[in-house]
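Chemist: Sequence:
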Amino acid sequence: MTSSHGGSRWITAALGLLAAAAVAAKELPALPQDLALARTGDSPGQVTFRHVSHVDADKASCVSCHPRLFSVLGRSSEKRAPAVTHARMEKGEACGACHGKKAFGFDDCTACHAQ
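In mature numbering (1 follows the signal peptide of the UniProt record, and there is no 0), the protein residues as written are -24 to -1, 1 to 91.
One thing to keep in mind: the hints can contain errors.
Lysine to any residue pairs mimicking SDA-like chemistry, simulated, CA-CA at most 25 Å apart [to be verified]: (1) Lys78 x Gly68; (2) Lys78 x Ala12; (3) Lys67 x His30; (4) Lys67 x Ala33; (5) Lys67 x Ser40; (6) Lys35 x Ala79.
Pair ranges (Cβ atoms, derived) [as the list claims (entries may be wrong)]: (7) Leu13 x Ser40: 13 to 23 Å; (8) Ala63 x Ala6: 29 to 39 Å; (9) Leu13 x Arg44: 13 to 23 Å.
Derived from the structure by calculation, the hints contain no laboratory data.
Where a beta carbon is used, it is the ideal one built from N, C-alpha and C, also for glycine.
Work out the full structure: start from the sequences and follow the hints.
Modeler: In structure tokens form, the structure reads like this:
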């Protein structure tokens, strides 16, 4: 974990706002609400997934992640996807399909985890 907790949170927030502005400018359909992912194992804090920071406004597509990486089943569904863990991500599953490869890596815990 890096010692610049506040700095990385500010950068993450700024990137989210820029992504939101780009999405709004392209007049994309409404995106789903932010998802608060359950804290598992030795997680340093909750992860809140924001669709707006994961959408490419120039070529928005839900099929980049759904259903290939993540189920689109409702939260109340009896069928649930396995928990997102670092072990799965490091194998390239779930968030690890991009993070650690195309997107930022796992060297700053505060980029995803709230403290």
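Chemist: Sort out which numbered hints this structure fails and list those numbers smallest first.
Modeler: 4
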